[in-house]
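Number of protein chains: 2
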Amino acid sequence: MSKNEEIEEIEELEETTEEAVEEISVEETLKQELSEMEDKFLRAQAEIVNMRNRHNKEREDSAKYRAQNLAKDLLTALDNLDRALEIETNDEHGESMKKGIEMVREGMLHAFKEAGVEEIDSLGQTFDPNKHQAVQTIPLSEGQESDEIVQVLQKGYILHDRILRPAMVIVAQ
Amino acid sequence: MSKNEEIEEIEELEETTEEAVEEISVEETLKQELSEMEDKFLRAQAEIVNMRNRHNKEREDSAKYRAQNLAKDLLTALDNLDRALEIETNDEHGESMKKGIEMVREGMLHAFKEAGVEEIDSLGQTFDPNKHQAVQTIPLSEGQESDEIVQVLQKGYILHDRILRPAMVIVAQ
Numbered sequence: 001m002s003k004n005e006e007i008e009e010i011e012e013l014e015e016t017t018e019e020a021v022e023e024i025s026v027e028e029t030l031k032q033e034l035s036e037m038e039d040k041f042l043r044a045q046a047e048i049v050n051m052r053n054r055h056n057k058e059r060e061d062s063a064k065y066r067a068q069n070l071a072k073d074l075l076t077a078l079d080n081l082d083r084a085l086e087i088e089t090n091d092e093h094g095e096s097m098k099k100g101i102e103m104v105r106e107g108m109l110h111a112f113k114e115a116g117v118e119e120i121d122s123l124g125q126t127f128d129p130n131k132h133q134a135v136q137t138i139p140l141s142e143g144q145e146s147d148e149i150v151q152v153l154q155k156g157y158i159l160h161d162r163i164l165r166p167a168m169v170i171v172a173q
Numbered sequence: 001m002s003k004n005e006e007i008e009e010i011e012e013l014e015e016t017t018e019e020a021v022e023e024i025s026v027e028e029t030l031k032q033e034l035s036e037m038e039d040k041f042l043r044a045q046a047e048i049v050n051m052r053n054r055h056n057k058e059r060e061d062s063a064k065y066r067a068q069n070l071a072k073d074l075l076t077a078l079d080n081l082d083r084a085l086e087i088e089t090n091d092e093h094g095e096s097m098k099k100g101i102e103m104v105r106e107g108m109l110h111a112f113k114e115a116g117v118e119e120i121d122s123l124g125q126t127f128d129p130n131k132h133q134a135v136q137t138i139p140l141s142e143g144q145e146s147d148e149i150v151q152v153l154q155k156g157y158i159l160h161d162r163i164l165r166p167a168m169v170i171v172a173q
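The listed protein sequences derive, respectively, from chains A and B. Oh and the first sequence: position 90 is 90 in full-length UniProt numbering, straight run, nothing missing. Oh and the second sequence: position 123 is 123 in full-length UniProt numbering, straight run, nothing missing.
Since the hints were derived computationally from the structure, they do not count as laboratory data. Careful, some of the hints might be misleading.
Since the list gives no way to pick out one identical chain from another, each pair is judged satisfied if it fits inside one copy or across any two copies.
What the hints assert, rightly or not - In silico DSSO-like cross-links for lysine-lysine, where the CA-CA straight-line distance does not exceed 27 Å:
hint	residue 1	residue 2
1	K64	K155
2	K98	K31
3	K72	K31
4	K131	K155
5	K64	K113
6	K64	K131
7	K57	K131
8	K99	K31
9	K72	K57
10	K31	K113
11	K31	K64
Hey, can you work out the whole structure from these sequences and the hints?
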């Protein structure tokens, strides 16, 4: 082999190696890009599943507590109905008005119930700071349990598991 | 070149071609897979944007019409309040009860307004089949416009742009 031929052979060998390296490198790069893209796709897919779950939960909550604002704003009106029913009447007109008020009250409570709102059970119950607000305590009389609610000053209301307004009560201690 | 040498050369050439084809094929396959994966990723990304927009719209609508069910269920109670206020009173008790009822009515209408519910403007307005239900027509009198609402038998209510209940009216024609 001449010197020149040797050089040529070496050069050829080098070229082949470079080509091979280049080919492997292109393949490797593609493989890596594919792997990265797959990763991005899988993360996007996971995000879609998360969003769907989050939104379903939100939709459920939103439906469950839908009545919250309006119901809360109507509690004063309901209090006033209760108060109007306490007024004594002594004639026919007053009686028929009272019947009308009673119908309104029943209608409101029915609509409230449909929306998930109910009065908090208070009188005779054990005081529960989550549902009741004690505005006064009186000494325990005979036959009363400790922490028993003996008077309700203002009714409380609950929407499913959310307190719209705690009941204002007097507790025996 | 001997016959054998020639065959060897041809075989070598074939092998090289096969390898080249194989390498191109691997590269091409990878490129195609990458392009497909990229496509899947972009579609997932677009789906995320769509979901977000859809849910924002849904959330807005849900907030806007949140009061719909409860408000609709309370219309009868409101009608009964109106009716109770029409009863004549002739004593103190009746008067104070009436004041109580008036307060309840104001309170309900205020809560309704906060929730986006308002009475449909009817008396003296031109009949609109989207908001009013004509239960009777009477001949046009002097000074009345054609299709003018001359009496409201039952009030109608609207929640933003949604009719909760059309007004029941008598129309002059």
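Hint-by-hint comparison with the structure:
Proximity of K64 and K155 under a CA criterion of 27 Å is satisfied intra-copy only: 22 Å inside one chain copy versus 29 Å between copies. Taking identical chains as interchangeable, the C-alpha atoms of K98 and K31 are never at most 27 Å apart, the minima being 82 Å within one chain and 83 Å between chains. Neither within a single protomer nor between protomers do K72 and K31 lie at most 27 Å apart by alpha-carbon distance, with minima of 60 Å and 61 Å respectively. When the C-alpha separation of K131 and K155 is checked against a cutoff of 27 Å, the pair qualifies only within one copy, where the shortest distance is 10 Å, while the shortest distance between copies is 38 Å.
Taking CA atoms no more than 27 Å apart as the test, K64 paired with K113 passes in both settings, with 12 Å inside one copy and 22 Å between copies. Only within a single protomer do K64 and K131 lie at most 27 Å apart by alpha-carbon distance; the minimum there is 19 Å, versus 30 Å between protomers. Proximity of K57 to K131 under the C-alpha cut-off of 27 Å is restricted to the intra-copy arrangement: shortest distance 26 Å within a copy versus 35 Å between copies. Proximity of K99 and K31 under a CA criterion of 27 Å is satisfied in neither setting, with 81 Å inside one chain copy and 81 Å between copies.
In this assembly of identical chains, K72 and K57 lie within 27 Å of each other by CA distance both inside one copy and across copies; the values are 23 Å within and 26 Å between. In the homo-oligomer, the alpha carbons of K31 and K113 never lie at most 27 Å apart, since the shortest distance is 62 Å inside one protomer and 62 Å across protomers. Proximity of K31 to K64 under the C-alpha cut-off of 27 Å is found in neither arrangement, the shortest distances being 49 Å within a copy and 50 Å between copies.
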